[in-house]
Amino acid sequence: MGAHEMITIQSQPTMRLEYQQERKSLTHFLGQGVQGVQVIKVPPEWTWQVEPIKKILGALLLPENWDSYGGHAPGIGSAAAAIDFIAQITHEDPPRPRVVPLGTGGVQLEWRNGQRELEVECSPDGSIEVLKIEGDSEGEQCPSFNTADITSLFSWLLAA
Amino acid sequence: MSERLPADADDQSISGDEILYRRIPLNPSEMIQETDVPGEFRPSSGNFRSEGPLSVDRSSLSSPEQTRDRAKPAVFHIAGVQAKVARQCGCRIVKDPLPDNPAHVLIFGDHDSGTGALNGKQTKAIAKAARLVLFSNISSS
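Chains as they are written, first to last, in my numbering: chain A, 1 to 160; chain B, 1 to 141.
Keep in mind that the hints were calculated from the coordinates and are not lab data. Everything numeric in this text was worked out from a predicted model, so none of it was measured. Virtual Cβ for every residue (Gly too), placed ideally from N, Cα, C. Among the hints, erroneous ones may be present.
Chain B side only, calculated, beta carbon under 10 angstroms to chain A, not exhaustive [claimed, not checked]:
| id | residue |
| --- | --- |
| 1 | ILE24 |
| 2 | SER45 |
| 3 | SER50 |
| 4 | SER59 |
| 5 | SER60 |
| 6 | PRO64 |
Covered stretches of chain A, as calculated for chain B (at least 3 residues, CB under 8 angstroms) [as the list claims (entries may be wrong)]:
| id | stretch |
| --- | --- |
| 7 | 43 to 51 |
| 8 | 86 to 92 |
| 9 | 104 to 113 |
| 10 | 123 to 134 |
Okay, chain B solo, but in the shape it has when bound (with noise of 0.2 angstroms):
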């Protein structure tokens, strides 16, 4: 995340149907869970909580292994959700591009914290649409 946090207004230029990705820790492996659909998995909601605006990728400018590579050697998931639903629980997108990442966007969650990070209804409802849409494993390359 940059030093200087942008302005917090959403930005609409990124498209609500845009997909925003996030690394998932693999350990412990409580971070996701599976969902009613066999073979499908989702991020617990704690994935998306943090001391300030959540770090995302956007997809039109990253694909799932960038987003994962950009912590190699550490291997993680990816998770996916659409730009729509942050904005349906009252987040605001904003473009946040960073010299070695110019797919970042930054998720600003609840108005009051005075932080930007996202209280726990909106973590929730983000963290019940996402699905994992790359799943490694620590042999993962």
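Next comes chain A alone, as it looks inside the complex (with noise of 0.2 angstroms):
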């Protein structure tokens, strides 16, 4: 995919996602544009990060009790925390993560490499949670962040 190719998701209200030649900070990653349409800036070296950022997009466009027991659709707060989790991964070719809406207005992230997994829970306040599971074990909460925790979580991931 070019630098500057755009990818549009064809919802209303329209998202844009777009190549920006130079990494910014995450309040650059997520804009409102002009006439509601959202507009997302990644860096040019991503590559499996733009799947799942725009099934996070996707996911904002839930409608309120998008669940049927009164859930809230995925705000920006929780969107931007998830995108921005997915920002620091310095791995170059991690698992594909799932991207689940939540009932709380949160977004989760979840990886699995064989038997061992992990589920991120973005709340709409920004804050992030973690969860490691290995196997059949109830797992092990983890509830503070900062890259380097990032880059461990995702070597044990990778290790299984």
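Bring the two chains, given one by one in their own frames, into a single complex with the hints.
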């Protein structure tokens, strides 16, 4: 895909994914364009990241009560946290994440590699919780993060 | 869910073997995933995240089709899980019949949350044990 190729999700409000030559801060990833158009700019070197980001943006289009239990649609805060998490993954070719909207208005990213799984819950307030699961164990909750933690998490996942 | 929540003491009159049903959205498709058994699907744990206790229906009082059709005209898959699975991970199951749904019960999760919502370990344990018992497509009626 060319560095300037545009991807448009055919939904309303229209969202456009475009490449940018230079990586900037998270606040630049998600921006409000004109007439309700959401624009997200990602670095040109990103490859596997594009599909999950499109799914995250797609989740923003869910209606209220989308789950029939009064669930909230994911909002910008949870989407930005999820995209920021993806942005901090330094492994070149990790397993592809599943993107699951939550009735809380959050977004969950899920990775699996053999018997090891990571579930990353991104909340509307931007907070992140990670659950590490191996096989049939109940899992280990990891409450806080920085880039080093994410590198460590993916080293663990990929060592399965 | 009722506006006033019932007390969250576990109701032992609900058998551990009873199946509890939950509607699962068709979209996005990643709300479900195939298990190691080809053709068998389970819900993602994200289906069990909520702001409060989790709404489900008792199989002794509702069929999977009835649970699905309570959300008409929207169409949903139905997942089922035994009540004892929820109890084994520390949840309490409480009857909460509604005027239009006598089968309605609530699963209360993490005591520490103060909301009754399930925590990540609880939703994961339930999701891993749950199976789709009614697979729908967009043309299902």
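Hint by hint, here is what the structure shows:
With a cut of 10 angstroms, the hint placing ILE24 of chain B at the interface with chain A holds, because the nearest CB-to-CB distance is about 8 angstroms. The closest approach between the C-beta of SER45 of chain B and any C-beta of chain A is roughly 6 angstroms, which is under the 10 angstroms cut-off, so the hint is satisfied. Because the closest C-beta pair between SER50 of chain B and chain A is about 5 angstroms apart, less than 10 angstroms, the hint holds. With a least beta-carbon distance of about 18 angstroms to chain A, the hint placing SER59 of chain B at the interface is violated under the 10 angstroms criterion.
Taking 10 angstroms as the C-beta contact cut-off toward chain A, the hint placing SER60 of chain B at the interface is violated, the least distance being around 21 angstroms. This hint is violated: PRO64 of chain B has a C-beta 14 angstroms from the nearest C-beta of chain A, more than the 10 angstroms allowed. With 0 residues bearing a CB less than 8 angstroms from a CB of chain B, the stretch 43 to 51 of chain A misses the requirement of three and the coverage assertion fails. Chain B is given as covering the stretch 86 to 92 of chain A, and this is violated because 0 residues of the stretch bring a CB closer than 8 angstroms to a CB of that chain, at least three being needed.
Requiring three or more residues with a Cβ within less than 8 angstroms of a Cβ of chain B, the coverage given for the stretch 104 to 113 of chain A holds, as 4 such residues are present. By the rule of at least three residues with a Cβ nearer than 8 angstroms to a Cβ of chain B, the coverage given for the stretch 123 to 134 of chain A holds, with 3 such residues.
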